[in-house]
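As they're listed, the protein sequences go chains A and B. Take the first sequence: its position 123, counting from 1, is numbered 123 in the numbering used here, and each next residue is one higher. Take the second sequence: its position 127, counting from 1, is numbered 127 in the numbering used here, and each next residue is one higher.
One should not assume that every hint holds.
Because identical chains cannot be distinguished in the list, a pair is counted as satisfied if it fits within a single copy or across any two copies.
When the alpha-carbon atoms are kept at most 35 Å apart in a straight line, the in silico DSBU-like pairs for lysine-lysine are as follows [what the hints assert, rightly or not]: (1) Lys101 to Lys202; (2) Lys113 to Lys223; (3) Lys3 to Lys277; (4) Lys288 to Lys202; (5) Lys202 to Lys295; (6) Lys157 to Lys201.
Derived by calculation from the structure, the hints in this document are not laboratory data. For clarity, every value in this text was computed on a predicted model and none was experimentally measured.
Number of protein chains: 2
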Amino acid sequence: MNKRIGFIGLGIMGRPMCQNLINAGYSLTVWNRSQPGIDIVVGYGATAASSPKEVAGKSDVVITMVVDSSDVRQVILGTNGVIEGVRAGMTVIDMSTISPKVTREIAEQLAQKEAKMLDAPVSGGDTGARAGTLSIMVGGPEEAFNECLPILEAMGKNIIHIGANGAGQTVKLCNQIACVLNILGVSESLVLAAKSGVDLKKMHQAVSAGAAGSWMMTNLPPKIMVRDFEPGFMVKHQQKDLRLVMEAAQDLGISLPGASLVHQLFHSVEADGNAEKGTQALVTALEKLADVEVKD
Amino acid sequence: MNKRIGFIGLGIMGRPMCQNLINAGYSLTVWNRSQPGIDIVVGYGATAASSPKEVAGKSDVVITMVVDSSDVRQVILGTNGVIEGVRAGMTVIDMSTISPKVTREIAEQLAQKEAKMLDAPVSGGDTGARAGTLSIMVGGPEEAFNECLPILEAMGKNIIHIGANGAGQTVKLCNQIACVLNILGVSESLVLAAKSGVDLKKMHQAVSAGAAGSWMMTNLPPKIMVRDFEPGFMVKHQQKDLRLVMEAAQDLGISLPGASLVHQLFHSVEADGNAEKGTQALVTALEKLADVEVKD
């Protein structure tokens with residue numbers, strides 16, 4: 001018998017993930033802080049609950065897909081939170097990107113109610129959420145992972161169990177570090193080429209295929225050269241993830257100078273009013289430092 | 001009739017490039033600062049000359065493959081240099097990685113003798129040189145490029161004419177910027193994962209395929225995790241290229257904070273006695289800052 005699923009957090013990511021779960025035959029009980037998300041997902045066939053507590057009471061597995069550590073803490077551990085409705089044997093899957101440390105704290109609280117937790121942050125953005133092709137990095141008990149794998153497979157493709165609770169979030173942060181430094185490499189390359197007066201398309205063609213190649217090098221310059229800064233992934237969300245990276249660096253006592261530099265440069269992008277543009281807008285901070293525009 | 005080719009600079013790159021030119025049917029006159037390179041390439045069937053001037057006198061096209069801006073200036077413009085033996089209508093192809101500005105100066109000097117110049121730096125390392133699969137980024141007059149294309153095709157595969165003299169070198173620097181920032185992204189990701197105690201192979205598997213993916217992410221972690229720091233491309237050569245990047249940034253009046261950061265971190269790698277290790281040794285500088293070893 002299909003498990004009854006609870007879903008909390010019906011934003012740009014949560015909505016298509018709910019759609020895919022319903023398409024896969026699951027019955028959904030949902031909750032969201034604001035009404036519009038609820039109306040949309042009820043339209044897909046979900047049932048609305050009045051609190052995270054009620055969601056938990058009516059479900060076997062509860063998924064949370066909210067923004068930050070404090071939001072997850074609130075909906076799971078707060079007043080009328082999931083923890084008040086949770087029963088022994090249930091699993092809570094947090095698919096938000098939050099602090100590995102907070103993840104472990106929440107898992108411990110849930111364990112006191114004999115409920116398990118998986119941290120299962122995703123990459124792939126709203127495009128991947130709609131297509132059901134999200135990459136999912138999972139931390140938590142292996143038996144809970146195996147039990148919930150069919151649910152995750154309704155939403156994603158590259159689904160990897162990394163290790164204990166927090167490991168999924170840690171790997172998501174590793175992913176974000178590599179992403180932003182690749183974006184910085186793309187941006188500084190483009191700025192040097194533009195200021196030198198070099199043909200940008202030929203530069204892009206020459207460097208994309210070899211050792212300088214990356215997903216970001218393939219995908220961002222064609223947008224930047226035509227000044228398309230519409231978001232795939234928004235600067236403000238990238239900055240939230242980089243704050244988590246900096247928190248983790250502090251907790252672990254390590255120095256991540258590259259990630260820190262990009263975090264600072266994105267502050268300048270935000271100060272310029274571009275927090276809701278795509279992360280390719282990093283190039284605009286470098287352009288200011290070079291007094292040049294990267295335009296084909 | 002095949003052009004007679006002169007080749008100056010018979011190091012780890014020059015030797016296999018000569019071999020491929022000879023295999024393609026060209027006759028070669030060669031010169032090198034030291035004897036061992038000459039002996040090896042004469043063994044392939046080349047003829048030794050006593051100076052760059054003599055090389056130019058006996059050739060229709062002269063290729064230089066030396067280390068830095070000053071070396072190219074010396075063998076082309078110095079006493080007994082190529083310029084003393086060059087004739088009107090000849091082309092000099094500099095395949096070293098040097099300053100775009102020095103490239104333009106040399107091209108101007110050669111133009112006074114009615115000789116053309118191409119700047120044609122390569123990427124792909126000694127592996128690519130042996131296989132004849134170098135990527136070649138070319139600046140200089142289009143008719144000289146078309147005339148010399150068969151020669152370049154004997155040594156490389158992805159051969160792109162970018163624009164005027166200096167444009168090839170500029171694009172090579174763009175390539176190096178993207179490379180080193182991708183290496184930094186790989187290194188910081190690995191250090192965060194290692195200090196967190198996360199399974200490194202699973203982390204690598206989870207992040208390689210998606211938006212964090214890069215040539216460096218695919219190829220470096222498997223070496224780093226087994227502490228293999230043998231050079232594909234040596235730290236000291238990467239540092240030479242980053243000095244050229246910093247020079248270009250100064251000439252152009254632009255700020256490249258990411259490339260500059262990696263340049264500084266590589267100083268630490270060099271100070272540690274690892275100048276002749278591969279560029280994946282960047283991770284050792286980050287490991288020191290985190291007091292951790294990335295090891296599977």
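Against the structure, the hints:
no.: 1; hint: Lys101 to Lys202; in the structure: between (45 Å within a copy, 20 Å between copies)
no.: 2; hint: Lys113 to Lys223; in the structure: neither (49 Å within a copy, 44 Å between copies)
no.: 3; hint: Lys3 to Lys277; in the structure: neither (38 Å within a copy, 54 Å between copies)
no.: 4; hint: Lys288 to Lys202; in the structure: within (23 Å within a copy, 39 Å between copies)
no.: 5; hint: Lys202 to Lys295; in the structure: within (13 Å within a copy, 39 Å between copies)
no.: 6; hint: Lys157 to Lys201; in the structure: both (33 Å within a copy, 19 Å between copies)
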